[in-house]
Amino acid sequence: MLETLGNLGLGFSVALSPPILLYAFVGCLVGTMVGVLPGVGPLAGISLLLPATFGLDATRAIVMLAGIYYGAMYGGSTTSILMRIPGEAASVMTCIDGYAMARRGRGGAALAIAAVGSYVAGTLSVVGLMFLAPPLAAFALRFGPPEYLALLLLGLLVLAYMSSGSMLKSLAMAAFGLLLGMVGIDQMSGYFRFAYGVVELGDGLGVVPVAVGLFGVAEILATAGQPAPPEVIKPRLRELLPSRREWRESSAPIARGTLLGFLIGILPGSAHVISSFVSYAVEKRLSRRPQEFGHGAVAGVAGPESANNAATSGAMVPMLALGVPSGPIPAVMLAAMMVHGVSPGPLLIQQQPALFWGFIASMYVGNVVLLILNLPLVGLFVNILRVPYPYLYPAILVFSILGVYAVNGSVVDVWIMVAMGILGWLLRKLEFETAPIVLGLVLAPMIELSLRQSLAMSDGHYGIFVQRPIAAALLAVGLTLVLMNLYAFVRRGLDWRSRIAMAERGEDSS
Amino acid sequence: MTRRRLRAVAAAAIALFWPLSAVGQEPYPSRPITLVAPFPPGGVADLTARPVAAALERVLKNPVGVVNKTGAAGAVGMQFVATSKPDGYTLLLALSSISIIPEADKIFGRPPAFTVDQFAPIALVSADPTILVVRAESPWKTAKEFIEDAGKRPGQISYSSSGIYGTLHMAMELLSHAAGVRLRHIPTPGAGPALTAILGGHVDALASGPAVILPHVKSGKLRALAGWGDRRVAALPDVPTFKELGYPDAEFYIWAGVFAPKGTPEPVLARLREAMRGAVADAEFKAAMDKLQTPIAFKQGADFQAFFDADARRLADGVRKVGRVEDKK
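Protein sequences appear in the order of chains Y and C.
Counting from 1, one number per residue, gives the positions in the first sequence under my numbering.
Counting from 1, one number per residue, gives the positions in the second sequence under my numbering.
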């Protein structure tokens, strides 16, 4: 403990030195911009800037790249809340309630809560990273394909909590999303599935073009299709800050989101996207007023936004403690270390104490910088809503196309976005919700790969899922959840979802 | 320089070079060159491409930029270069997989994204043999024990790879065939996840590049048993090669080389080869490759062509032996 504090002192002496401070600030600033731009996520941002860091020393480079990573999580919520366009994949859930809040004139409050939630989550999870990195990293490695599959199946149950309307419709959308996730090279056999000779489809449909199309482009088409343009929201200054009630309602979701995000973030794979989905579902299930979700529940913003920020620190745990990439972004950061001759691995903390502790301390500093940067920006960003729609919407479309193109430099991605925009507009007309499609698309390739890897490990025996304690425990939790819901359903004939549906139709079920 | 004089100089310059460029005789290079890395930033291809581009830029005194064209295990970027204009302004930094992808396309009977003969080889930059590692607590102390045990328990010892027909998969397949054993293959989406799988104890063995495994061998988590090279790796002097152990067919390298599209004029190719020779001698380039713990293995002309052909033959053979996974069932 004392030793850790002493080391942290060393870290702060590194992190607060002017050059490091400058690079942390630049990283956070770039990250915020990358997050705000629709489509461009932290991976694209870090990839674009990686070459620029080659001339720096290792500590500066890594501090700046990490700043981009968690800065993007702050910025990602902005366009989700104001325009229903996910700034990056982990902000998809924020689109739902954040945008609904903005429609009710609470956009400023949503942005402020997202920023504060991100700050709390970012800071607390660095504490976790500092004290728990080595033991947690060892635990994370025990998460093999069978455990991952069990976790993903739990994630699939989340689907049931995603919709407030018809269960049948939302399951249909989820199934459609899972099918979309089948496009691309089969990892186990090398087959090109549903690619129709388009080599670019080999990696499947990207989450970003699909999400920007289904949410953002569809929203623009729907608004443009209205006979009279919706009234321009004119936010007043005193409405920018969250009310006392909104603070109260978001404190517990922020705490839960932080814990969930950190734990899920540690696991290998692209877990930070899932963390926001799971957090949303948990908040909706625990809420006393689940009917508010989808219509501007503040917990639906606070939880997922905290979770995706905590997950970024969680993802650093295996990277720093073991030198193992837990996802594509830590992999790029590991490469950045190698370029500077720092060999990442279990010995990093002992061999490079200044780098490790300086990095940790810079994350504390960076989160403060981001809070200071983001809170005043709330007032600025909210004013975007004052722009009349005939000017605003074409501009958003241009930025969406640029952002989606920039990720892979691929025109195919732009066409996917356009097709999904039209599809999303049609589905809205038919009163289908589109969020389950995105969740299905995220989960399908992961579920398929972990299932087939597990079976390859066990030579085809399904027993592997119950013989391994972590996997068995997770599956038991999932089974219990299903049984509990079934029981309630059989006993009362109604579950909470039908009550919501009734409440929405104006009937009172109580 | 006044504005009028500037204009005069510009006009003179245009007058001087206009007829030349009009008939396509402009001196090479006279505009920026693009070096395509078909994998995302941070991977081996990208990390090699950046110092190569920087060194080429210094030698040619002409901008050379790296563009990551990623997707479909490298096929997107390789196809892009294969079909781009053969004028020496679009180059490719390819890895061993350039010889694997067309073969895999062939066994699935689909139109190939590109073929190997669509490229003109310029230079080989590095060629790292893969190293066989097992976890430190595993029972096998030597490659001999590992192979003997694999012979006794066919299909029971598992290994992770960077994906089916990927480089790490092919290395293990070449060994299995050379030693006449059967191992269980667990594909993962990349070299990083493949490493995670062995460190977490989900598989028994892994073949990967020296730079990837060295930190974990040094920290005592993994044990290196043998290498696929024709000589030992400098950083692991005690680790024998499979060649020494009597398996000469188990030879495999994760190599990186620069290619131009076929049909690039011979003078341009000659200029690029000469530039590459200068680039690998560049001190900054050497320092960059040193940090990546990747020794430079420079070959060009007939040497590179011979290496490339032999490697492509080995890999094509390997892919055909693996065949289609579902046909085995």
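Hints are computed from structural coordinates only; laboratory data are not their basis.
Only a predicted model underlies this, so the values are computations on that prediction, with no experimental measurement involved.
Glycine included, every Cβ here is placed at the ideal spot set by N, Cα and C.
Do not take every clue at face value.
Partial selection, computed: residues in chain Y whose CB lies under 10 angstroms from chain C [as the list claims (entries may be wrong)]:
(1) 135
(2) 141
(3) 182
(4) 185
(5) 291
(6) 294
Facing chain C, from chain Y, some residues (calculated, C-beta under 8 angstroms) [stated by the list, open to error]:
(7) 51
(8) 52
(9) 55
(10) 200
(11) 224
(12) 332
(13) 373
(14) 406
(15) 411
To see whether the hints hold, each was checked on the structure:
| no. | hint | in the structure |
| --- | --- | --- |
| 1 | 135 | 14 angstroms, violated |
| 2 | 141 | 4 angstroms, holds |
| 3 | 182 | 16 angstroms, violated |
| 4 | 185 | 6 angstroms, holds |
| 5 | 291 | 40 angstroms, violated |
| 6 | 294 | 34 angstroms, violated |
| 7 | 51 | 6 angstroms, holds |
| 8 | 52 | 11 angstroms, violated |
| 9 | 55 | 10 angstroms, violated |
| 10 | 200 | 6 angstroms, holds |
| 11 | 224 | 33 angstroms, violated |
| 12 | 332 | 4 angstroms, holds |
| 13 | 373 | 26 angstroms, violated |
| 14 | 406 | 12 angstroms, violated |
| 15 | 411 | 12 angstroms, violated |
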